[in-house]
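Peer 1: First to last, the protein sequences are chains A and B.
FYI, the numbering for the first sequence is 96 to 214, going by our numbering.
FYI, the numbering for the second sequence is 290 to 401, going by our numbering.
No lab work stands behind these hints: they were computed from the structure.
Some hints could be false.
To be verified - Below are the DSS-like pairs computed for lysine-lysine, each with C-alpha atoms no more than 25 Å apart in a straight line: (1) Lys166(A) with Lys109(A); (2) Lys357(B) with Lys398(B); (3) Lys346(B) with Lys104(A); (4) Lys326(B) with Lys398(B); (5) Lys360(B) with Lys104(A); (6) Lys331(B) with Lys360(B).
Claimed, not checked - Part of the chain B face toward chain A, derived, beta carbon under 10 Å: (7) Ser317; (8) Tyr321; (9) Pro323; (10) Gln334; (11) Val343; (12) Gly344; (13) Lys347; (14) Thr367; (15) Phe378; (16) Ser382; (17) Tyr387; (18) Lys388; (19) Gly392.
For glycine and all other residues, C-beta sits at the position ideal for the given N, C-alpha and C.
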Amino acid sequence: NAGVTQTPKFRVLKTGQSMTLLCAQDMNHEYMYWYRQDPGMGLRLIHYSVGEGTTAKGEVPDGYNVSRLKKQNFLLGLESAAPSQTSVYFCASSFSLSGGARLIQETQYFGPGTRLLVL
Amino acid sequence: GENVEQHPSTLSVQEGDSAVIKCTYSDSASNYFPWYKQELGKRPQLIIDIRSNVGEKKDQRIAVTLNKTAKHFSLHITETQPEDSAVYFCAASIRGTYKYIFGTGTRLKVLA
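With the hints as extra help, turn the sequences into a complete structure.
Peer 2: Structure follows, in structure tokens:
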């Protein structure tokens with residue numbers, strides 16, 4: 096059981112280049128998230144997904160796109176990288192317990208991170 | 290919008306002393322409050338969490354308290370050890386969603 100994995104671990108891009116970050120989880124979790132972490136700013140949500148085939152914007156979605164074609168994978172794309180996108184990117188996954196009409200949040204489990212440098 | 294404020298941003302304590310980190314949240318409907326520990330170059334990992342129907346929870350040297358009226362929750366670490374040195378993040382759930390808002394983190398240094 097690998098939990099949440101991310102590829103690549105590290106990448107250097109030039110301004111204007113594109114790339115895709117891959118997140119995979121083997122815990123059969125319904126919910127997946129992409130965060131970026133910058134010094135002094137904590138973890139900020141980029142996009143998230145509440146199920147296969149669904150995605151939604153988070154706090155800082157501009158310049159990023161996502162796709163969730165399979166339940167276990169969540170892809171984050173940068174179409175035209177900018178230096179402001181230099182950051183550490185974390186993927187996370189989670190689930191919920193059945194609570195009837197009440198939404199019961201559960202823990203988010205994080206991947207190891209991808210360090211991205213845009214020159 | 291929803292907000293979580295975390296204080297202090299840095300905290301240094303002597304080994305064996307206690308450390309307290311405080312968070313304030315804005316959404317009165319938040320009902321889940323996890324705390325994560327992040328060591329240098331590693332992923333955030335859950336260390337303890339609390340739900341809104343509980344006022345306090347303990348796990349060995351770590352405890353979390355929640356004051357719903359004041360919208361505060363705090364992490365308490367007793368008998369600190371050098372391996373407790375890390376960045377700690379609090380978070381609060383956002384009503385009606387599966388999302389959290391994170392605090393900006395506290396860098397804890399335990400001095401030997």
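Peer 1: Work down the list of hints and note, for each, if the structure agrees.
Peer 2: Verification of the supplied hints:
1. Lys166(A) with Lys109(A): Not OK: Lys166(A) and Lys109(A) at ~31 Å, beyond 25 Å, violated.
2. Lys357(B) with Lys398(B): Status violated; Cα separation ~29 Å.
3. Lys346(B) with Lys104(A): violated, 35 Å
4. Lys326(B) with Lys398(B): At roughly 13 Å apart (the allowed maximum being 25 Å), Lys398(B) and Lys326(B) satisfy the hint.
5. Lys360(B) with Lys104(A): This hinted pair is violated, its Cα atoms lying about 38 Å apart.
6. Lys331(B) with Lys360(B): violated, 30 Å
7. Ser317: violated, 15 Å
8. Tyr321: holds, 4 Å
9. Pro323: At 6 Å from the nearest chain A Cβ, Pro323(B) passes the 10 Å test, so the hint holds.
10. Gln334: holds, 7 Å
11. Val343: violated, 14 Å
12. Gly344: violated, 18 Å
13. Lys347: Not OK, violated: Lys347(B) not within 10 Å of chain A, min 18 Å.
14. Thr367: For Thr367(B), the interface hint is violated, since the closest Cβ of chain A sits about 23 Å away, which is over 10 Å.
15. Phe378: For Phe378(B), the interface hint holds, since the closest Cβ of chain A sits about 6 Å away, which is under 10 Å.
16. Ser382: This interface hint holds because 4 Å falls under the 10 Å limit.
17. Tyr387: Interface hint status for Tyr387(B): holds (5 Å vs cutoff 10 Å).
18. Lys388: At 6 Å from the nearest chain A Cβ, Lys388(B) passes the 10 Å test, so the hint holds.
19. Gly392: holds, 6 Å
Violated hints for the displayed structure, listed by number in ascending order: 1, 2, 3, 5, 6, 7, 11, 12, 13 and 14.
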